[in-house]
Amino acid sequence: DGGITQSPKYLFRKEGQNVTLSCEQNLNHDAMYWYRQDPGQGLRLIYYSQIVNDFQKGDIAEGYSVSREKKESFPLTVTSAQKNPTAFYLCASSTGTVEANQPQHFGDGTRLSIL
Amino acid sequence: GQQLNQSPQSMFIQEGEDVSMNCTSSSIFNTWLWYKQDPGEGPVLLIALYKAGELTSNGRLTAQFGITRKDSFLNISASIPSDVGIYFCAGPPRSQGNLIFGKGTKLSVKP
Numbered sequence: 001d002g003g004i005t006q007s008p009k010y011l012f013r014k015e016g017q018n019v020t021l022s023c024e025q026n027l028n029h030d031a032m033y034w035y036r037q038d039p040g041q042g043l044r045l046i047y048y049s050q051i052v053n054d055f056q057k058g059d060i061a062e063g064y065s066v067s068r069e070k071k072e073s074f075p076l077t078v079t080s081a082q083k084n085p086t087a088f089y090l091c092a093s094s095t096g097t098v099e100a101n102q103p104q105h106f107g108d109g110t111r112l113s114i115l
Numbered sequence: 116g117q118q119l120n121q122s123p124q125s126m127f128i129q130e131g132e133d134v135s136m137n138c139t140s141s142s143i144f145n146t147w148l149w150y151k152q153d154p155g156e157g158p159v160l161l162i163a164l165y166k167a168g169e170l171t172s173n174g175r176l177t178a179q180f181g182i183t184r185k186d187s188f189l190n191i192s193a194s195i196p197s198d199v200g201i202y203f204c205a206g207p208p209r210s211q212g213n214l215i216f217g218k219g220t221k222l223s224v225k226p
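In order, the protein sequences belong to chains A and B. Position one of the first sequence corresponds to residue 1 (our numbering), numbered consecutively onward. Position one of the second sequence corresponds to residue 116 (our numbering), numbered consecutively onward.
Hints are not guaranteed to be accurate.
Claimed, not checked - Pulled from the structure, derived: some chain A residues nowhere near chain B, Cβ distances all over 12 Å:
#1 Phe-12
#2 Leu-43
#3 Gly-58
What the hints assert, rightly or not - The calculated DSSO-like cross-link candidates involving lysine-lysine, where the alpha carbons are at most 30 Å apart (straight line), are:
#4 A:Lys-70 to A:Lys-14
#5 A:Lys-83 to A:Lys-9
#6 A:Lys-9 to A:Lys-71
#7 A:Lys-9 to B:Lys-218
#8 B:Lys-221 to B:Lys-166
#9 A:Lys-57 to A:Lys-70
#10 A:Lys-83 to B:Lys-221
#11 A:Lys-9 to A:Lys-57
#12 B:Lys-166 to A:Lys-83
#13 A:Lys-83 to A:Lys-14
#14 A:Lys-57 to B:Lys-218
#15 A:Lys-14 to A:Lys-57
#16 B:Lys-218 to B:Lys-185
#17 A:Lys-57 to B:Lys-185
#18 B:Lys-185 to B:Lys-166
#19 B:Lys-166 to A:Lys-57
#20 B:Lys-185 to B:Lys-221
#21 B:Lys-221 to A:Lys-9
#22 A:Lys-70 to A:Lys-9
#23 B:Lys-218 to B:Lys-166
Don't read these hints as lab results, they were simulated from the structure. Please read these numbers as outputs of a predicted model, since none were measured by experiment. Cβ atoms here follow ideal geometry from the backbone N, Cα and C, with glycine treated the same way.
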């Protein structure tokens with residue numbers, strides 16, 4: 001089945017560690033996105049990529065990094081510089097950009113917790 | 116930054132009742148999206164609106180793109196227990212290229 005796969009579902013990080021969250025899509029979508037969700041809050045954009053080998057910072061990029069080496073993959077690294085990383089992380093993709101009025105479709109998320 | 120104001124924050128209703136929620140913005144939107152999120156899962160797209168004044172239905176759900184382009188409404192008719200979840204509005208304001216989300220309306224349905 002076509003879709004967006006995020007792994008792992010749950011992730012635990014020790015203080016000072018970097019961790020990488022995986023996002024893979026087989027929908028042949030050009031654009032991919034990472035959001036952070038905190039309890040009682042809406043989604044906030046971390047990074048997005050409209051095309052392979054290109055990405056832009058979102059509203060809360062500090063302490064995060066991404067890469068887009070392949071169309072189907074957009075991993076997110078939560079670095080030790082992110083002081084409050086505990087959250088629910090959501091990956092999304094779309095056939096085009098937001099400007100092209102293409103709705104985003106989401107994976108099932110990764111819940112990151114600090115040990 | 117720009118924000119979407121979504122109301123109400125939460126609703127507790129009886130099964131069978133109709134539900135109405137709305138989203139407003141201080142800036143103009145070209146697109147309005149409505150998503151539903153179940154606990155521990157990603158949001159699922161319910162309805163997409165692309166034209167001011169547009170009224171679109173998806174089963175028991177109906178959404179409208181406000182004429183002013185600064186608001187949108189979602190109605191659920193004859194609610195059932197599986198309607199429980201958090202409903203988010205989202206859209207790309209003209210001055211920005213990215214999607215922004217409201218804080219959600221949490222719906223609880225009593226059987």
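Check: Checked against the structure, which of the hints given earlier come out wrong?
Finding: The structure breaks hints 2, 3, 12; every other hint is satisfied.
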